[in-house]
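Q: Listed below, chain by chain, are the residues.
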Amino acid sequence: MPILKNIAAIAKGMSITFMEMFQPTTVENYPDGPGPLRGAKFQERYRGVHVLQRDENGLEKCVACFLCAANCPANCIYIEAAENTAENRISGAERYAKVYNIDYNRCIFCGYCVEACPTDAITHGHGFEIATFNATNLIYRKEQLLAARPAHLGANPVFNSAEVAGGAPAEVAPGE
Amino acid sequence: MANALDFGPYVEIENGKRVVKELTYGNPTPEGVVLTTVDNVVNWMRKNSIWPMTFGLACCAIEMMSMGASRFDIARFGAEVFRPSPRQSDLMIIAGRVSNKMAPVIRQLWEQMPEPKWVISMGACATSGGVFNNYALVQSVNQVIPVDIYVPGCPPRPEQLIYSITLLQQKIQAERGTIKRALNLTS
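Protein sequences appear in the order of chains Y and F.
Residue 20 in our numbering sits at position 20 of the first sequence; the count goes up by one each step and never skips.
Add 176 to a position in the second sequence, counting from 1, and you land on the number used in our numbering.
If we strip away everything but chain Y, and leave its shape as in the complex, we get (with noise of 0.2 Å):
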């Protein structure tokens, strides 16, 4: 009975499907997860936007050495240095970046600032939802890529705090 054989054929490759359905789903739920990520999962090397770092009494590591922006193939990185004082003292070293604009238009997210980079001050955080409407928007600041502050902020007196919470990144920035 060729019929039987051809029932029995389809029931063999459709109990193939009827098994899938139990199988764990392999969509990622990326808009709809929970977290700060929404949902997706980067491994811990994932190069996503700059963060710039604060060392451990909450002033910049960035010294201001050009390196990164010498070894950027995309010629984003735009800095501009100036000198520390004693009363307003934003770095632990001689000079600070004053103006640190990373051209996210023009960045391909290489790392090669990272490995430049002498006081470990630019690093890459997770952060990818930087689309948008406007190209503009791309260029982000200082204040867009520094690090949030410490808890402990007040432990350097000659911290100048004011300017930093005049900028106070936090939110839109690298952890999101």
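Hints are computed from structural coordinates only; laboratory data are not their basis.
Incorrect hints may appear among the rest.
Taking beta-carbon pairs under 8 Å as the criterion, some of the chain Y residues facing chain F (in silico) [to be verified]: (1) V27; (2) E28; (3) P73; (4) A74; (5) Y104; (6) R106; (7) C107; (8) I108; (9) E129; (10) A131; (11) F133; (12) A135; (13) L138.
All residues carry an ideal CB built from backbone N, CA and C; glycine is no exception.
With chain Y's structure known, arrange chain F on it following the hints.
A: Using the frame of chain Y, we list chain F on its own:
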């Protein structure tokens, strides 16, 4: 945060809720209950059926294909139907670098797409030329066609592209005067 600066993609509205800054523009005066309701319905249908064009220019197309495949399933947004003809597609994803030779082709493809149409500039090369600052490439595709959303990255991960599609959905939903334009009633 109270003294957050006025830049970045988001702006805060009441109850600490954040919205994308570019979506808060628009006509605050209601045009009437019927028209706005019909607008909302039409926008809702449009935003849940964005059909992209099968159009890859370079390595970003790999991530675009990945977005269409089963792991990052854009069928969840109704955007999985990649159309090979510009006459059937709503969305053009410029996935890759745009060479000077390709620019008129992109322009013609964009002109062949029926209204309403949207453009996503995907990756650093399409957005600004990226590392290829040379004579062969158009520095930014918005010199050729108008771009709705810029997605940075080299190439952007599928999540970043999905995020841009959700942004585009918000933009479509925020549109006003849809039905008037569709019925050719605008002055």
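Q: Taking the hints in turn, state whether each one holds.
A: Checked hints:
no., hint, in the structure
1, V27, "holds, 5 Å"
2, E28, "holds, 6 Å"
3, P73, "holds, 5 Å"
4, A74, "holds, 5 Å"
5, Y104, "holds, 4 Å"
6, R106, "holds, 5 Å"
7, C107, "holds, 7 Å"
8, I108, "holds, 3 Å"
9, E129, "holds, 5 Å"
10, A131, "holds, 4 Å"
11, F133, "holds, 4 Å"
12, A135, "holds, 5 Å"
13, L138, "holds, 6 Å"
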